[in-house]
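*Asks:* Residue numbers (the working numbering), protein chains in the order written: chain A, 1 to 277; chain B, 278 to 526; chain C, 527 to 869.
Please note that the accuracy of each hint is not assured.
Straight-line alpha carbon distances no greater than 30 Å define the calculated DSS-like cross-link-like pairs of lysine-lysine that follow [as the list claims (entries may be wrong)]:
| # | chain 1 | residue 1 | chain 2 | residue 2 |
| --- | --- | --- | --- | --- |
| 1 | B | K495 | A | K83 |
| 2 | B | K405 | B | K457 |
| 3 | B | K500 | C | K543 |
Here chain C is said to cover these stretches of chain A; the calculated rule only asks that three of the stretch's residues, wherever they fall, bring their Cβ under 8 Å from a Cβ of chain C [said to hold, decoys possible]:
| # | stretch |
| --- | --- |
| 4 | 52-66 |
| 5 | 168-178 |
| 6 | 244-252 |
Listed next, with one range per pair, are the computed distances between beta-carbon atoms [said to hold, decoys possible]:
| # | chain 1 | residue 1 | chain 2 | residue 2 | range |
| --- | --- | --- | --- | --- | --- |
| 7 | A | Q221 | C | I600 | 46 to 52 Å |
| 8 | A | D69 | C | N601 | 44 to 50 Å |
| 9 | C | E858 | A | I7 | 23 to 29 Å |
| 10 | C | D632 | A | K3 | 49 to 55 Å |
| 11 | C | E858 | A | Q221 | 16 to 22 Å |
| 12 | A | D169 | C | N811 | 26 to 32 Å |
| 13 | B | R471 | A | N68 | 48 to 54 Å |
| 14 | B | I432 | C | D637 | 54 to 60 Å |
| 15 | A | D199 | C | D632 | 15 to 21 Å |
| 16 | A | R168 | C | D637 | 55 to 61 Å |
It is worth saying that the hints were derived from the structure and are not from the lab. Positions of the beta carbon are idealized from the N, C-alpha and C atoms, including for glycine.
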Amino acid sequence: MEKNIYIPDLAKIIRIDSVTANEKIFDIAFIDKEVQKSFNFKPGQFVELTVFGVGEAPFCVASNPRNNDKFQLCVRAVGSVSKALHNLKEGAKVGIRGPFGKGVFPYKEAEQHNVLVVAGGMGLVPLMSFLTYMMDLREQYKNVMIIYGAVNPANILYKNEISYWNSRDDISVCVTVDNPDDKWTGEIGVCTKLIPRVDFKPEDTYTIVCGPPVMYKYVVQELEKKNFKEDKIFLSLERRMECGVGKCNHCHIGEKLVCVDGPVFSLWELRNIKEAI
Amino acid sequence: MSKPKVGIFGLTGCGGCQLEILNLEDQLLDLFAAIDIVHFTEAITEHSDNYDIALIEGSVATKHDLERLEHISKIAKVIVSIGACSGIGGVNCLKNLYGVEKAKELVYGDKKEWIDAIETKPIDEYVKVDYYIRGCPPNRSEIVDVIRSLIVGKIPEIPNYPVCVECKRLGNTCMYDLGKTCMGVVSRAGCGARCPSAKSGCEACRGFIDDPNVNAQKDLLAKYNLKIEDIMGMFNLYNACKKTDRKTI
Amino acid sequence: MLYKVLKKGSYDLFLAKLIADFEFIGPVKKDKATHDFKKISDIRKLDVNYKRTTIAPAKKILYPSTETLLQYEINEDIEMSVDYEAGEKILFGIDACDVNGLNFLDRFFSDEMIDEPYFSKRRKLTVIGLDRMPSDTNFSLSLGKEYAKDGFDLFLTDLNNRYFVRVGSEKGNDILTKYADVSDAGEDDFKDYNKFMDTYRKSFKLKADINNLYDNYELIYNNKDFWNRVAKDCYSCGSCCLVCPTCFCFNVRDDMELNLKKGAKTREWDSCMIPEYGLVAGGHNFRPDKENRLKQRYRCKLKTFIDRFGTYSCVGCGRCIEACLAKINIAEDINAVKKEVSV
Chain A
1 MEKNIYIPDL AKIIRIDSVT ANEKIFDIAF IDKEVQKSFN FKPGQFVELT VFGVGEAPFC
61 VASNPRNNDK FQLCVRAVGS VSKALHNLKE GAKVGIRGPF GKGVFPYKEA EQHNVLVVAG
121 GMGLVPLMSF LTYMMDLREQ YKNVMIIYGA VNPANILYKN EISYWNSRDD ISVCVTVDNP
181 DDKWTGEIGV CTKLIPRVDF KPEDTYTIVC GPPVMYKYVV QELEKKNFKE DKIFLSLERR
241 MECGVGKCNH CHIGEKLVCV DGPVFSLWEL RNIKEAI
Chain B
278 MSKPKVGIFG LTGCGGCQLE ILNLEDQLLD LFAAIDIVHF TEAITEHSDN YDIALIEGSV
338 ATKHDLERLE HISKIAKVIV SIGACSGIGG VNCLKNLYGV EKAKELVYGD KKEWIDAIET
398 KPIDEYVKVD YYIRGCPPNR SEIVDVIRSL IVGKIPEIPN YPVCVECKRL GNTCMYDLGK
458 TCMGVVSRAG CGARCPSAKS GCEACRGFID DPNVNAQKDL LAKYNLKIED IMGMFNLYNA
518 CKKTDRKTI
Chain C
527 MLYKVLKKGS YDLFLAKLIA DFEFIGPVKK DKATHDFKKI SDIRKLDVNY KRTTIAPAKK
587 ILYPSTETLL QYEINEDIEM SVDYEAGEKI LFGIDACDVN GLNFLDRFFS DEMIDEPYFS
647 KRRKLTVIGL DRMPSDTNFS LSLGKEYAKD GFDLFLTDLN NRYFVRVGSE KGNDILTKYA
707 DVSDAGEDDF KDYNKFMDTY RKSFKLKADI NNLYDNYELI YNNKDFWNRV AKDCYSCGSC
767 CLVCPTCFCF NVRDDMELNL KKGAKTREWD SCMIPEYGLV AGGHNFRPDK ENRLKQRYRC
827 KLKTFIDRFG TYSCVGCGRC IEACLAKINI AEDINAVKKE VSV
């Protein structure tokens with residue numbers, strides 16, 4: 001019989017790392033080793049995580065898809081499930097369904113092209129699966145530039161990874177903050193401000209954007225000024241997703257379902273969908 | 278995890294909400310196992326001022342109510358309003374329509390000076406309320422749901438949709454199809470459409486939904502040849518309390 | 527398809543036998559205003575002559591308004607189990623557009639991934655349809671949903687002195703052979719069936735001109751005045767969705783008992799007309815106004831599934847029109863779009 005799409009597999013939180021005041025990284029592995037081994041996700045896909053007694057919520061997988069002995073989520077405590085998840089200790093059991101989503105970051109299509117990554121706030125989290133994958137296979141891609149905007153220095157996620165990227169000479173990284181503190185020496189302002197500096201050839205560049213809903217309109221405007229191609233710009237969308245499998249319908253936008261057809265869409269697809277951005 | 282200490286208090290009201298907690302019967306043992314009840318106005322004589330969560334029923338209708346509420350709010354970390362009187366003012370607020378002095382005179386005559394009544398208000402006019410268990414009387418399963426949510430650290434799921442949703446889920450015939458009037462379409466659900474299920478129109482004891490289409494509702498009631506006083510009466514029964522940032526009519 | 531004829535005189539006996547042998551669900555008078563699909567154990571309770579559509583659509587048999595998706599028990603380990611109720615049932619007396627409603631849900635709940643709670647019941651449901659004259663709010667003819675080509679095991683049409691029976695499945699044929707005295711349909715039977723269908727199609731009072739809506743909708747989409755007008759009286763109460771035979775949206779809740787050992791995940795019907803529907807963690811609402819929500823509902827009913835399945839998800843049964851206290855009428859609004867674009 002086919003697997004029941006509503007029953008999660010049990011998984012264990014094997015490590016918790018507090019990255020900022022409000023965000024934690026969870027390393028998770030399925031209890032059944034066979035399930036873990038067959039858990040092959042693509043960059044941009046998400047899982048539905050159950051904290052028993054509280055509920056279920058979608059989270060994009062943040063770890064490298066090439067690593068299949070565990071996976072990683074980075075979670076901000078905003079809703080019931082994420083807050084309850086923050087209260088769990090290492091060793092706690094959760095339920096996992098997924099990976100879900102056919103719309104993933106264009107990790108294959110972007111090979112032999114320049115890659116521009118624009119991340120705002122928590123938007124860096126889903127991108128981490130793509131970025132870590134790309135770093136492993138760096139020679140497959142041409143120039144790579146990462147633009148990341150955070151509210152303030154304390155909110156910057158993945159500081160270790162960012163300094164590692166900074167140490168490499170084959171990636172350029174620009175981090176900008178809205179509200180700098182005394183020690184901040186980097187860029188100030190929203191991440192859209194840095195787009196004009198990108199000197200990649202539009203027809204040879206894949207752009208991948210992930211951030212809060214308000215950011216997309218402005219990022220897209222900047223990208224268009226530079227004549228970037230709509231079918232080479234990809235955005236990851238956030239909507240309320242309860243089932244993850246295209247049944248509960250909460251995440252629909254126009255004719256598409258974010259959980260099934262997304263969460264990553266090309267700008268060309270989104271142009272033809274009302275309410276998308 | 279240590280058991281949370283809970284105080285259950287009653288201000289001006291009928292005490293029915295506290296009674297509903299006692300009516301939990303088959304779940305009472307589990308409830309006592311999950312929380313430590315250190316004060317329960319209607320049920321236990323002992324009293325302690327050491328509690329984390331306060332469940333408060335009744336509205337603030339006297340100066341004495343207000344003093345007690347302020348005392349409780351200084352101690353409790355989480356305040357849960359329980360019932361219509363506490364959450365939206367409830368029927369107690371009908372008094373306000375007469376004016377406090379006039380109401381005192383009507384009820385207590387020449388003894389009115391003995392009464393320290395003030396304008397009736399729900400408790401959130403004075404203190405910040407974290408969660409609301411709504412209704413007159415509140416739904417027992419919702420009482421359990423909120424307490425359990427507080428224990429597991431979940432935001433309780435209190436409906437903000439109208440009673441129509443519950444009627445339709447239950448397959449009830451619409452009160453209007455039975456020639457009756459009903460406030461369900463603008464009133465907050467969570468009761469399991471208790472009154473319409475018993476073929477009696479909803480009286481909005483849980484207050485209104487966040488964005489009620491009041492004009493449409495007045496037009497609708499007018500179509501049923503109700504006089505403006507009757508319409509206002511339906512809106513006012515539980516919701517006469519005017520509050521600046523709450524949508525009332 | 528097999529075509530049979532059932533004599534009027536043996537109709538009652540046929541049903542009585544089915545009621546005796548199966549869990550039998552059919553239209554029952556609920557009160558002075560409404561009918562409902564309910565379990566019947568006495569044939570006298572069955573009432574197929576209802577004027578309005580039944581209050582709750584038949585989907586509730588396959589997709590109940592609240593349903594447990596899974597139960598769990600937390601001990602050393604977490605044990606999960608499912609128990610989807612699935613006895614053999616007969617659903618009798620649903621009309622053509624409601625059969626089309628079931629057809630839509632069959633397709634929807636099997637698209638991409640199988641919804642086991644739904645199909646565990648669907649596999650064990652025998653559907654016996656029955657043609658009836660359209661109610662005042664039924665506009666299924668305009669959507670091409672007034673006739674059910676498939677999705678039933680048997681479909682009966684009353685030709686006064688006999689029933690014309692379309693046999694849609696082997697299961698249907700077995701039941702007919704075992705429980706009824708039927709003969710093969712002949713030329714005269716087809717002739718009368720045609721006459722009935724002509725009369726039936728002429729009886730639709732409410733009509734919607736849906737031609738070009740697919741394209742026109744894009745033009746009307748940003749017309750604020752239009753949507754303010756159409757949605758002015760909307761209560762955002764969700765009744766239209768909750769009585770719809772094809773609406774499928776649901777919420778999932780996870781509730782644990784007070785002992786924090788046992789719990790269950792439950793789904794319950796939701797509605798895109800309720801403000802909370804578009805809310806995400808953090809408080810952003812993607813559809814905060816009633817105009818946007820109504821616009822969205824119409825699109826889902828009349829456009830989305832043209833793209834996805836090549837069909838409307840609205841079957842034109844008219845339940846939402848009857849249920850709406852604000853008198854919002856989807857058929858009239860379809861016509862209003864046409865008018866707005868044409869004038």
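*Asks:* Among the hints numbered above, which are violated by the structure, and what are their numbers in rising order?
*Replies:* 1, 2, 3, 5, 8, 9, 10, 11, 12, 14, 15, 16
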